[in-house]
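Using the sequences and the hints given, assemble the complete structure.
There are 4 protein chains.
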Amino acid sequence: MITKIQGIFTPNVVPFHQDHRINEGELRRYVSWLIAKGVTGLYPNGSTGEFIRLSFEQRIRVVEIIADEVRGRVPILAGAAEPNIDLVLEACRRFADLGCRAVSVTGPYYFKVSQQSIEHYFRALAAQSPIDILLYNIPQFSNEIGLEVVKRLAADCPRIVGIKDSSRDMPRFMDTLNEVKPLRPDFSCLIGCEEILLPVLMMGGDGGTIATSGVVPEAVMKLYDRFLNGDIAEAKRIQFKLLEVIKTMFAAGNFPEGFREGVNLRGFDTGRGPQPMSPHEREHFNAIRGKLACLLAECGYAEAARECELFRSTRLAETRMSVPDVDAIVAEVLKRLTA
Amino acid sequence: MITKIQGIFTPNVVPFHQDHRINEGELRRYVSWLIAKGVTGLYPNGSTGEFIRLSFEQRIRVVEIIADEVRGRVPILAGAAEPNIDLVLEACRRFADLGCRAVSVTGPYYFKVSQQSIEHYFRALAAQSPIDILLYNIPQFSNEIGLEVVKRLAADCPRIVGIKDSSRDMPRFMDTLNEVKPLRPDFSCLIGCEEILLPVLMMGGDGGTIATSGVVPEAVMKLYDRFLNGDIAEAKRIQFKLLEVIKTMFAAGNFPEGFREGVNLRGFDTGRGPQPMSPHEREHFNAIRGKLACLLAECGYAEAARECELFRSTRLAETRMSVPDVDAIVAEVLKRLTA
Amino acid sequence: MITKIQGIFTPNVVPFHQDHRINEGELRRYVSWLIAKGVTGLYPNGSTGEFIRLSFEQRIRVVEIIADEVRGRVPILAGAAEPNIDLVLEACRRFADLGCRAVSVTGPYYFKVSQQSIEHYFRALAAQSPIDILLYNIPQFSNEIGLEVVKRLAADCPRIVGIKDSSRDMPRFMDTLNEVKPLRPDFSCLIGCEEILLPVLMMGGDGGTIATSGVVPEAVMKLYDRFLNGDIAEAKRIQFKLLEVIKTMFAAGNFPEGFREGVNLRGFDTGRGPQPMSPHEREHFNAIRGKLACLLAECGYAEAARECELFRSTRLAETRMSVPDVDAIVAEVLKRLTA
Amino acid sequence: MITKIQGIFTPNVVPFHQDHRINEGELRRYVSWLIAKGVTGLYPNGSTGEFIRLSFEQRIRVVEIIADEVRGRVPILAGAAEPNIDLVLEACRRFADLGCRAVSVTGPYYFKVSQQSIEHYFRALAAQSPIDILLYNIPQFSNEIGLEVVKRLAADCPRIVGIKDSSRDMPRFMDTLNEVKPLRPDFSCLIGCEEILLPVLMMGGDGGTIATSGVVPEAVMKLYDRFLNGDIAEAKRIQFKLLEVIKTMFAAGNFPEGFREGVNLRGFDTGRGPQPMSPHEREHFNAIRGKLACLLAECGYAEAARECELFRSTRLAETRMSVPDVDAIVAEVLKRLTA
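First to last, the protein sequences are chains U, X, H and Z. Just so we're aligned: 97 in this note's numbering is position 97 of the first sequence, and the numbers increase by one with no gaps anywhere. Just so we're aligned: 327 in this note's numbering is position 327 of the second sequence, and the numbers increase by one with no gaps anywhere. Just so we're aligned: 195 in this note's numbering is position 195 of the third sequence, and the numbers increase by one with no gaps anywhere. Just so we're aligned: 14 in this note's numbering is position 14 of the fourth sequence, and the numbers increase by one with no gaps anywhere.
Check each hint, because a few of them may be wrong.
Since the list gives no way to pick out one identical chain from another, each pair is judged satisfied if it fits inside one copy or across any two copies.
Stated by the list, open to error - As a list, the in silico BS3-like pairs of lysine-lysine whose alpha-carbon atoms are at most 27 Å apart:
#1 Lys112 x Lys222
#2 Lys112 x Lys247
#3 Lys4 x Lys241
#4 Lys241 x Lys181
#5 Lys37 x Lys247
Because the hints were derived from the structure by calculation, they are not lab data.
Right, here's the structure in full:
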């Protein structure tokens, strides 16, 4: 019997070599680390995994590596948002063969597409897919999958087993719980918005795809565990504590760079993402990295401690440097005076 | 000692006579009914009160009537969003004289205004207002009051005692709780989004300005009471139950018409709002009214039961009518046959 | 016989005294100066006139002053966008009595309102207004008046005699010309977007409400005159030349402050607008003022020349100051050396 | 010597077989037809060519076919917007080898990316591309390439030879002409908005990528020819005449389906696009197809005449059918009467 999708799934960043090839060794090491830290499952090819910036072959390869490394230890939800329905189905077949639990598919991106067309698209997918499908709602970046469409798909398509909602829209999530669950009690409602994981769980959500769980899996899994055990006070404390970490990673700009850096600070050679960063942004980014290192160090993650210290001493040095360097000036003046 | 603003405040709709004058009698009767039903306080001149469609004199008059009717039984938060700072301050003085607990002021509307300008605006208000101020964040309709601005105002301006956030943005509300409360433990964080009242309360919010509490105050106050008493299961049941009522009132279109109709169904002669409705919209609206009546009847509000029954029998009649009127056809055919 | 509305109408800024009262003297002097410079007509209570930040009485007063000063020399289009239909009609009656040519009315602002409701609203206005009406489309700030609505209103309502479109949407303006003119050849299509005045005229538009004509009426009227006389090359030269002035005024932020400053630089005591500006913005603003002064001086407007010179010398002084002040350092060092 | 890019470039739709393979035969026939009709050049892999819905290999293949069919008769601007910079450069190399005149590259899509990052991205491209680059600004679907970035790129990167602006923002296009041309007189400013082709040409634009020229190349090329020959009146007549055709094709929904249907009506077997359409949309679409056929027939395109006639007679039949079928009713009634 296939069980409902529940818990915390980690949307992994992809580590790259300098020549832009996927760093398979680090990806494997990272994934096994995540499993050791207790995450419920993995979620490759999400937005955090920058699926949109990889080639089709790279997206398949990411899931191959992860499936091979995981070897059934935890379920995999594999992103299969491809440019057209033929390629989505091709990805579905591959991911089914690799033993993934389900695929996740966004609404079409780039062009604006009508709700009718989106519904028709998912019906066609559901009719032909050899693997369960999660609707992936992320209206910031692709066409919204409206709640009315979700309801009709949930009612009619057994292949569609849930929604991962990254819209950051809690009122909509409440309506989803209220209107879809009665139609399909097995329909999984996952949140893709780190800041509201706990309120979503408390209202009856089934879990989330939480990028922060790729950086501080200990904290996110503890929050989830405390929630499951009814220790709401401690779960709340952790949720609020996480907010600053989350905000800092988003403040890095150029999502998902802040999250990649968080993973790096936990000891993985993540390399650089496919979207180049300007030197000026790189500078801002390094300051964020320092701040993040100190946040992680404060949380007790030893890997980040050295980096934090380094950051603090550099800042001190910079502050000192900006104080007029009297010695140098004196030397210069004396030189002029004696010239 | 002045206490922190907490609980459920009802943003009242304004009943009108046919000639567009405020229906003072019904407004008084409505307000006293709300108090009898246990709402924490009143919130005139909010968006639900269509402050933007009233004249300055009407806005003042609404608060005068309510203050006179309330006579200190519950606190009043009075909307004082006026076209310019002189008029806001004039309203502040009037509402202070009337004994209101605080005023609520939106960011400037119509023009786009910078965050710096908004901060400067509220600082100027805070420096001169004789009454406490709530920031009213409603970016759908007026310039957003950014969280950074809120933090600086909270830190520097004792006159600014809280925020009423109607942005429907729960992640932002979480950040507000996390970043403002440590600076100002007395700073009140109220939500203005009915759908997420309970999650907000559970995460530490201080209450809300909840338009639905103007229609079914019994249910909203019971939710709040159950929350305060730790009966989360029942509070959740009520929150979810309310979602359909809320959705129906929004589905009426032309906010706040659905809420006005809800109040009407509870037995008040609300009249029609200042924004005219087209005949076609009126028709759609009547269907919504019927549905709302039945929802309220199901919840046990007897006033709505007759209306619901009427609605159901009309629908039946309409359905019947659309069945080909055999008698008429027979008559016609016979006429032709015998012609 | 009433003639079609055509030409360049100036949306005037309102000069204020320090105590926020309207500076009647300067307003009169400014209006007469505009007429002397040849503008086709005046357009008080537009967005440039910050109608939204004035009280109802102030809006009426602005038109009274202008009507009295103009004394029929040029036509007046008076903004009558008020919070509700009763107040719009009250303004219509007043402006009709003052001899205005027409009123201009935006779609409702603040709340989102359906197209049906907007159509119904303008039909109700058209049925009761004693004065011709221009639709004022400015979707940046108020509900859009969709083209389908414009077409039906133009076809059915003789009182509605034109549209002033500030949407900055040239494709829509093209469609308006193409679809409305055949229904109502007398329907006036005015543009409210300075940057595309000439293309609009060349495609058959009837003119514009051009805020820039309140700052450099000579240039805008010359552009219009050159266009009317078929000297497109010179009209183009002026249009392009104006772009930098326009951009500079918008770059001041807090619209319409840049335009107010432009009028000030032409020699009018405009005072400060009702929306306060933060000290930091004021600083940015002063730099913009300097740049604008130099642009105007280059165009030959002598009033701005002194200001430009002042600006340039200040900048020079600032640049000089930022060069390390070697003398001061030497003095300091010598003092230390000899200490 | 390489000449500046000027004139009308046709963004072709891609014809497909029923099994979703590219219909090479029809693509060749279509392209040669366009050349015969006099279009300046071709623009494969634009939004009209649905580049986003093809695989990388298909995008390359489309240009291979077209380059082979064109054989240097007209210049080709080939869309090279790929998921990451390595793939863009790979496409650039292929298209350079195929003899294309230039490539066109959008800002990154899906994720929001900062202006700094966009600038850095295009600088990196320009440094390594073996072929000239056109910036493709289409903020509806991908990150806007801000004017400040365009200016810096134009000033510094000889490889970047122009912009194709599909933003529908004429004020911005005016500023582009005004601010970029003085820096780089050879910089080509093309419009990608059919409705404003003529105003853009009159103000100094270099031409456009005009999807409508793929449907009625005769009309668009005549407009351009009349403009070049100073017959503005006739050019205006054509521009306005085209507006209804354009609007009808957009009204089909699911861009670029309306344009695909237009090409089909001109006698090409375009097949169906990669994005499936719901049955309900298909119905709406067929009505649009009929309307479009009649518009084209009125313009004298004989291929569309039969389709138009068919459409008109079907509509008549439908209208007839909706009239109560008296005979059937009589039969039924008589049956009942005699039962």
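How the hints compare with the structure:
1. Lys112 x Lys222: The answer is neither: 40 Å in one copy and 32 Å across copies each exceed 27 Å.
2. Lys112 x Lys247: For Lys112 and Lys247, the Cα distance is within 27 Å only across copies (17 Å; inside one copy 30 Å).
3. Lys4 x Lys241: Result: close only across copies, 25 Å inter versus 30 Å intra.
4. Lys241 x Lys181: Answer is between: at 14 Å across copies they meet the 27 Å cutoff, but 31 Å inside does not.
5. Lys37 x Lys247: Classified as within; 23 Å inside a copy, 41 Å across copies.
When each numbered hint is compared with the structure, a violation occurs for hint 1 only.
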